[in-house]
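Trainee: Listed here are the chains, written in short residue letters.
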Amino acid sequence: MINSDRLLELKFSVLRGLAAIFVSISVAAILIFIISDQPGNALFQLLLSPLGNERQMWNILERMIPFLFTGLAVCVMFSAKQFNLAAEGSVMLGAFMAAMTAIYVPMPPIIHPIVSILVGVITCGLLMLIPALLHTKLGANVLVSTLMLNFIIQFCVQFVLVNIVADRSQGALMTYQFLETAGIPAIRFNTSYGLVLGLAMVVVVSLFIYRTRWGYAIRMVGLNKEFSAYSGLKVAGIIILCQVIGGMLAGMGGAVEMLGFFDRFRWRLLPGYGWNGITIAILAKNNPALVPFAAFFLAYLSRGAVNMTIHADVPFEMMDIIQAVIFLFFAAEKFLAGYRQKMVVKKAKRELGEDLPAKKGG
Amino acid sequence: MRGITKIYPNGIAANQAVDFSVRAGEIHALMGENGAGKSTLMKILMGLEQPQEGEIFLGGEKVSFASPQAAIAKGVGMVHQHFMLVPSLTVAENMVLGIEPKKHGVFFDRAGAVALTKEYSERYGLPLDPNAKIADISVGMKQKVEILKALVRGAKILILDEPTAVLTTRETEELFKQLVILKEQGFTVIFISHKLWEVKQITDRITIMRGGKSMGVHTTAGISEQEISRLMVGRDVMLSLEKEKAEPGGSVLNVRGLNYTNQWGNRMLKDVSFTVRAGEILGVAGVEGNGQSDLVRILWGFESPDSGSVAFEGAEILGEPQSWLRELGISYIPEDRMVYGAAGGASIEENLISDRAWGKRLNKGPFFNAGAIRKECDDLIKRFKVLARSRGQRVGMLSGGNIQKVVVAREFSAGPKLIIAEQPTRGIDVGATEFIRARMVELSRQGAGVLLVSADLAEVMQLSDSLIVMYGGEVVAYFEDTSALTDAEMGEYMLGLSKQSAEELGRAAHD
Numbered sequence: 001m002i003n004s005d006r007l008l009e010l011k012f013s014v015l016r017g018l019a020a021i022f023v024s025i026s027v028a029a030i031l032i033f034i035i036s037d038q039p040g041n042a043l044f045q046l047l048l049s050p051l052g053n054e055r056q057m058w059n060i061l062e063r064m065i066p067f068l069f070t071g072l073a074v075c076v077m078f079s080a081k082q083f084n085l086a087a088e089g090s091v092m093l094g095a096f097m098a099a100m101t102a103i104y105v106p107m108p109p110i111i112h113p114i115v116s117i118l119v120g121v122i123t124c125g126l127l128m129l130i131p132a133l134l135h136t137k138l139g140a141n142v143l144v145s146t147l148m149l150n151f152i153i154q155f156c157v158q159f160v161l162v163n164i165v166a167d168r169s170q171g172a173l174m175t176y177q178f179l180e181t182a183g184i185p186a187i188r189f190n191t192s193y194g195l196v197l198g199l200a201m202v203v204v205v206s207l208f209i210y211r212t213r214w215g216y217a218i219r220m221v222g223l224n225k226e227f228s229a230y231s232g233l234k235v236a237g238i239i240i241l242c243q244v245i246g247g248m249l250a251g252m253g254g255a256v257e258m259l260g261f262f263d264r265f266r267w268r269l270l271p272g273y274g275w276n277g278i279t280i281a282i283l284a285k286n287n288p289a290l291v292p293f294a295a296f297f298l299a300y301l302s303r304g305a306v307n308m309t310i311h312a313d314v315p316f317e318m319m320d321i322i323q324a325v326i327f328l329f330f331a332a333e334k335f336l337a338g339y340r341q342k343m344v345v346k347k348a349k350r351e352l353g354e355d356l357p358a359k360k361g362g
Numbered sequence: 001m002r003g004i005t006k007i008y009p010n011g012i013a014a015n016q017a018v019d020f021s022v023r024a025g026e027i028h029a030l031m032g033e034n035g036a037g038k039s040t041l042m043k044i045l046m047g048l049e050q051p052q053e054g055e056i057f058l059g060g061e062k063v064s065f066a067s068p069q070a071a072i073a074k075g076v077g078m079v080h081q082h083f084m085l086v087p088s089l090t091v092a093e094n095m096v097l098g099i100e101p102k103k104h105g106v107f108f109d110r111a112g113a114v115a116l117t118k119e120y121s122e123r124y125g126l127p128l129d130p131n132a133k134i135a136d137i138s139v140g141m142k143q144k145v146e147i148l149k150a151l152v153r154g155a156k157i158l159i160l161d162e163p164t165a166v167l168t169t170r171e172t173e174e175l176f177k178q179l180v181i182l183k184e185q186g187f188t189v190i191f192i193s194h195k196l197w198e199v200k201q202i203t204d205r206i207t208i209m210r211g212g213k214s215m216g217v218h219t220t221a222g223i224s225e226q227e228i229s230r231l232m233v234g235r236d237v238m239l240s241l242e243k244e245k246a247e248p249g250g251s252v253l254n255v256r257g258l259n260y261t262n263q264w265g266n267r268m269l270k271d272v273s274f275t276v277r278a279g280e281i282l283g284v285a286g287v288e289g290n291g292q293s294d295l296v297r298i299l300w301g302f303e304s305p306d307s308g309s310v311a312f313e314g315a316e317i318l319g320e321p322q323s324w325l326r327e328l329g330i331s332y333i334p335e336d337r338m339v340y341g342a343a344g345g346a347s348i349e350e351n352l353i354s355d356r357a358w359g360k361r362l363n364k365g366p367f368f369n370a371g372a373i374r375k376e377c378d379d380l381i382k383r384f385k386v387l388a389r390s391r392g393q394r395v396g397m398l399s400g401g402n403i404q405k406v407v408v409a410r411e412f413s414a415g416p417k418l419i420i421a422e423q424p425t426r427g428i429d430v431g432a433t434e435f436i437r438a439r440m441v442e443l444s445r446q447g448a449g450v451l452l453v454s455a456d457l458a459e460v461m462q463l464s465d466s467l468i469v470m471y472g473g474e475v476v477a478y479f480e481d482t483s484a485l486t487d488a489e490m491g492e493y494m495l496g497l498s499k500q501s502a503e504e505l506g507r508a509a510h511d
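From first to last, the protein sequence lines stand for chains A and B. So that you can map any letter, position 312 of the first sequence is 312 in the working numbering, and since no number is skipped, the others follow by simple counting. So that you can map any letter, position 93 of the second sequence is 93 in the working numbering, and since no number is skipped, the others follow by simple counting.
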C-alpha cells in the first residue's frame, strides 16, 4: 500500500532542498556579479568546471571521503536530537591518534592502517563519553560543552605537536613521516580506498539506524524523549550510545583522511570537516542513506570553488556563503511552510470528499 | 463568523464551514464534546489561528484578526481555561501587564495600577485585593483577575473557556451572578462548557458543535437537556455496557501509606493506601488535581514519594526502571497521549513496538525481524480497529481516538497482569471510547487487575467494580461495590463535604 503521508513529506523535503540550493546559488551568483570583473568565467568555474576532466571528477570523490564520515556521525547524533558539535574535534583527534600509530608503532602493511584507524576510532568514542556523561549525569548542555571541547582538543593536539612530536629538521611545524606500511593506498590519483570504506559505512549506519533495535531507540529518543522513557527504553544509555558512535565515525573520518592523503600530521587548526558534516546531515534530513548525495554535492561545490579561486578572481570563501545560505533556509522551519500547508489542505479536502466508508470505526 | 474552515498542518479538519453568531448583550453557550472544534473556533475568533476559509463580522463590519492583540483592540477578550497569569506578581501588576501606566514616561506607576484595579473591580462588582500575589489567591479569585484583565483592555465580548471546570460549587454560583451583572451592563459573553445544567441556568442561546460542524443555534428555553445531549453526541450520553460481576482474586498491587510533596512544596498525597485485586477494576474518582496524577506518576517511577511502599505481587517496585515494570507485566495508558503515549512523528508500527523492541520475537540476531514486526502490527491494527491507511502512517496524522487505540493496542497486547489506565477515553470519539472500555472490561474479566483513574464521573462509576475517591491528596471514600452508588453521594465525597471513617477506609487495603 502506498503511504501517501510519507510520500507527501518526501516530495516536500526534496522540493525544499532543491529550492534552498537554488536560492543559495542565486545569492552566490549575485555576489559574484558584484565583486568579479569576469562574472561569467567565475560562475562557469564554480558550477561547471568540475565536470571538465577525469582528474577533476576523482578529486571530487577524494573530497567526499571525510564528508561521508562526518555526515554520518552528525546524522546519528542528530537523530536522537543530541546537538553534539564535537565531530569537528573528533576528526582532528582521530587523525592525530592515527598519525601517532602510523609513525611510532611498526606493523606489517594492511594491518598497520587498520590498527591506526581503530586507534583513532576508539579514542574518539571514549572522548564523546565526556560530553555525554556530563549531560546525562549533571545536565550540562551538549551544544555548549562540545563547542568548547573542540577547542580543547585543538590546543591539546597543538601542544603535543609543538612540544613533543614535531620533526625539528623541517622548516614548518609537522610530525615525522608516517611509516610506509601505514598509508591507505590510492584507487586512482589521490583518491584513496577510504572512499570504499566510507561508502561501506553508509550501508552499515543505514542498516543500524533503520533495521536494528538500537537505531530504532535512537530515533525514538529523538522524536519523543518522554515517550521513550515511558515505553521503557533506556534513554540515558541511548543518549550516550549515539554520541559514542558519532565520535567513532568522525574519528574514523579523520584517521582515513590523514592516512589516505597525507604523509605527515601538520594540522594546527580544526580542519572544518565536522562543520561540513552538519551541513550534510541537514541536507540529508538525518537519513544516512542520503549522506553520499549531500556529500557529493558539497564536494562538487568545493572543487568548483577551488577552480574559481585559481582561474577567476573570486575567493574560495564563496563556498562558505553558499553553505550558510543553505543552512539558513533548511533550519528555517517556515520556509515554504505555506506551500506545504496548501498541499496538506488539498489532500485533506480530497479525503473528506471521498467520505471514507471506514469512518464508523472512529 | 461565517463559513469558517480550519485544517491544521497535521491534516485534521477541526472546523468545516462553521457558522456562528452571537447577539450583543447575551450569554451564548458554545457546547460540544472534546475535539468537536469549539476551541479552534474560538482561537480563530481571537486571532490565535487563521482559518483557510470564512469571514468574521463584528457589528456588521468585516474583520480579520492576525493576533490576540488585534482581537482585543476590537473588544474581543478571552479567559483561558489555564490562567495566563504571572504567579510571582500581584493582582494589580498582572492586571496592567503590557499596558502599564507610566510615571514620568519611564517608571512603572504602581499606585496607578492599584487604583485602576480598584476602579474596575468596583465598577463590575468583582471584589479583589490588588496587592495580593497571584500565587497566594484562590482559583476563583484568579479567574476574576482574568475577567477583569480582559475588561481593562476594553473587551466588549468575553469568551470564557470552560470557566467552571476549576471552580467549587460556591465559586461557580458567584461567577454566574457576576456574569449576569456583566450582561445587564451590555457585555456579551460566550460561554464554553459541557455541563448541561450550567448552560440551562445562565445562557440565552446555545450553539452546539459536533465533529467540526455546527449543529445549529437554539434558544436555551426552547431546547430540552435530552435534545442538547442528543445533538452533542448523536446518541444518549449514558453508554450502555454489559459487564459481568467481578470475582476479585488475590491482590496484584498494594499501595501503602504513600506521602508525596511536589517540587513547589505542596503536599499532594497524604497517607494513600489501597489494593488492586486480580480480576477487578478499581476506579479512582475525584476532581482533577486532587493527587491522582501524582499517584500515577509515582506508580510509573517518574517521581519518588516521601514515604510509603508500592508492591506488585508482593515485591517492592518503587524506584524500579520502567523497563522492569513492563517486564513484570504492568501496562500504563498515560493521560497525555501525545507526550507519553505516542511519538507523533513516528509511524504506527514504530509506536506499537516501543515496549517490545528488545523482545526475542521481533529480533533476528542484531537486526529487527521485519516480517514478525509487520505481522504483529497488522494484527494489532486489525484487532484494535485502528483506522489508518497503513502501519507506516504517522501517528500524528491520526485522529485522537485512533491515536488512543494505538496506545491501547500496545498496552493491552503486552499480556498485562496490571493495567494503569489514566483518563483512557479523554477527548476521543464515542466509538473509540466504547471500544476501549469494552476491551478493558474483557481483560479484567480474564484476570488482570485494572487501576482506572478518571475525572469522568460517568465512566468511573460505570466501569469500576470497586472505587476509591480522592480529595485533597487523601483517599476519602472506598466503595467495595459500586452498583448502589448515586451521583449525589459521589459528589459529596469528591467535593470534600464528607469523608468516611478510618475504619471504612481501611477496607480499601486488602491483604
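Just so you know, not all the hints are guaranteed correct.
What the hints assert, rightly or not - What the simulated footprint calls covered on chain A by chain B, stretch by stretch (three residues with Cβ under 8 Å from a Cβ of chain B suffice, anywhere in the stretch; the number is not a length):
1) 211-223
2) 232-240
Unchecked claim - 27 Å max Cα-Cα, derived DSSO-like pairs, lysine-lysine:
3) B/K213 with A/K347
4) A/K346 with B/K43
5) B/K360 with A/K225
6) B/K62 with B/K43
7) B/K156 with B/K183
8) B/K385 with A/K347
9) B/K375 with A/K234
These are computed hints drawn from the structure, not numbers from a lab. Bear in mind the structure is a predicted one, so any value in this text is a computation, not a measurement. Even for Gly, the Cβ is constructed at its ideal location relative to N, Cα and C.
Trainee: Taking each numbered hint in turn, which are not upheld by the structure, reported in ascending numerical order?
Mentor: none
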